[in-house]
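Engineer: So the chains spell out like this:
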Amino acid sequence: MRNLAALVFVGGLAFLLLVIFNQFDFAQAPMVVGQGILMDAPDRVGAANIVTAVVLGYRGIDTLGEISILFAASAAAGLVLGRRRTDARRDPPGGFILRSGVALLFPLMLVVGFYIILHGHLTPGGGFQGGVILAAAFFLPLLARPETPVNHAGLSIVEGGAGAVFILTGLAALLQGGEFLQPLLDNGVLGELVSAGTLPLLYLAVGLKVGAELAGLMARLADVEVDEP
Amino acid sequence: MMPIEVGTVLYAGAIGLVVVGIAGIVLSHHLFRIILALVIAEAGANLLLVLSGFRWEAIAPIITGGDAVQTMVDPVPQAMVLTSIVIGVGVQALALSLTLRAYGAYKTLDIRELQRRMSADLAGEAGTPLPQSLEEPVGGRPLPAAEGDGR
Amino acid sequence: MTLNPLELIVAAMLGVAVLLGMLRLILGPTAPDRIVSADTISVIITAGLTGLAAWLGSALYLDVALIYGILAFVGVVALARTIEGGRQ
Amino acid sequence: MIWVVALIVIMMLVAAVTVLLVRNHIAAVAAASLVSLLLSVLFALLRAPDVAMTEAAVGAGLSSVILALALRRLGLGRVKDA
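Residue numbers (our numbering), protein chains in the order written: chain E, 12 to 240; chain Y, 290 to 440; chain U, 7 to 94; chain W, -7 to 74.
Below, a sample of chain Y positions facing chain E; criterion: calculated Cβ distance under 7 angstroms:
| hint | residue |
| --- | --- |
| 1 | 300 |
| 2 | 304 |
| 3 | 361 |
| 4 | 365 |
| 5 | 375 |
| 6 | 383 |
| 7 | 390 |
Derived list of chain W stretches under chain U, where covered just means 3 residues or more per stretch with a C-beta under 8 angstroms from a C-beta of chain U:
| hint | segment |
| --- | --- |
| 8 | 2 to 13 |
| 9 | 19 to 25 |
| 10 | 28 to 38 |
| 11 | 41 to 49 |
| 12 | 52 to 58 |
What the hints contain is simulated information worked out from the structure, not anything from laboratory work. None of these values were measured; they are calculated from a predicted model. Ideal Cβ placement from N, Cα and C applies to all residues, glycine included.
Whenever a hint applies, use it, and build me the whole structure from the sequences.
Structural biologist: And the structure:
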């Protein structure tokens, strides 16, 4: 009976969504706001990647809220999961191929991660994607050798420092008479690495913060047995 | 018989993902499957948002040095979806850690069993009599007396 | 938005390859079969993303293939370690 | 063009149904990462390389890592599938 009701509900939802989206024409986006941003962004923000300009230039405070949500989720998960018991049984280390492959891959992933973060205003990518790669880079050795120690205090320091840099950049704009998180400095030449004012700095802070949070989260999840908090 | 258009196929895919995800959330009894279904529904919603900003003959919203001005797709929904995906993984991690705690406390992941044991626990802590059942008996029979272990 | 014959052949081959991989993912009798098929599909689709970059004529899409190629490895290794840890 | 899109959408829906129906949890996680992966190809086709990259990194990589680690802690990752 319950299943039947659920199926009726789901079918009705599908019908409703189909009817609603039949009203829209595909590929005819009106772009009221988007066209203005496309015209305005190269001169005012100076980022070649317009999505980056929207994320950090026009909606910076939204991004601050986003990384706050991510921090809250990661902190709550850490609180719920507890800490590792010292006498817990550990998994055996991985095989030879995995261990040597990880040793080869680790520096490569660091380079790619920082490339993605620092070119966030020129090519697709940015702090979130690069941060995920950094977290994966620091998590891979733990996967190959489970006895590797994890420096949670260091991760917390990196995370807090990066968040502080993000907010201080916003406050500096406020002190200079602008809006909160308004891009500072000179825009530079469109398409150069050092351009778009403070956007690369902001994205670097976001990348380090996201990377530290996710690495800590994965390290906590990887512990097989934990204490009861 | 008009030919099927690309837009119809894409909208059908996005709505299909949302519907499959919600069906999974409603119909499955296993907590891990419910989290997976949540991920799928979220993916469908993201696809709907990106579809709303697409235009034909447009390029990605990234200026690549060519001086010819071309039409670009709408960057605003893309930025929104970027935020949505990252928040989605945070929510997923939190849900998984809560699932792990629930498993540690009750040793089951079936939501019906979990609800029964949780309500028994709550009643035990509050000192009230255990709820016998969460559903009304069929046919208007009287409720049994309030003894028994409630499981 | 049209494909020339060569691109059509490439797309068809990639599609058939992914379909065969999905068959193994759904049918696969044991968990290692399914993980290997997931890895195979991810490699095929990395190739597909590279072809997409060539078709759209923009090098921006190559970064997507790069990121996916790296992170699919991490995901598959985590899945493989999961069944390895469970066996003992 | 339409055939490519239709193929990707159909495979995505099949993988999504597989996630809900397959009995083995490991296979469910692998199918969920396949959904994310095909979705990221669709995003790239829709001229959204930023979103495609995020979906590939987060949905297909990080999410399956987190799900696999949780499976191992739940003890559901045993090789018992016949």
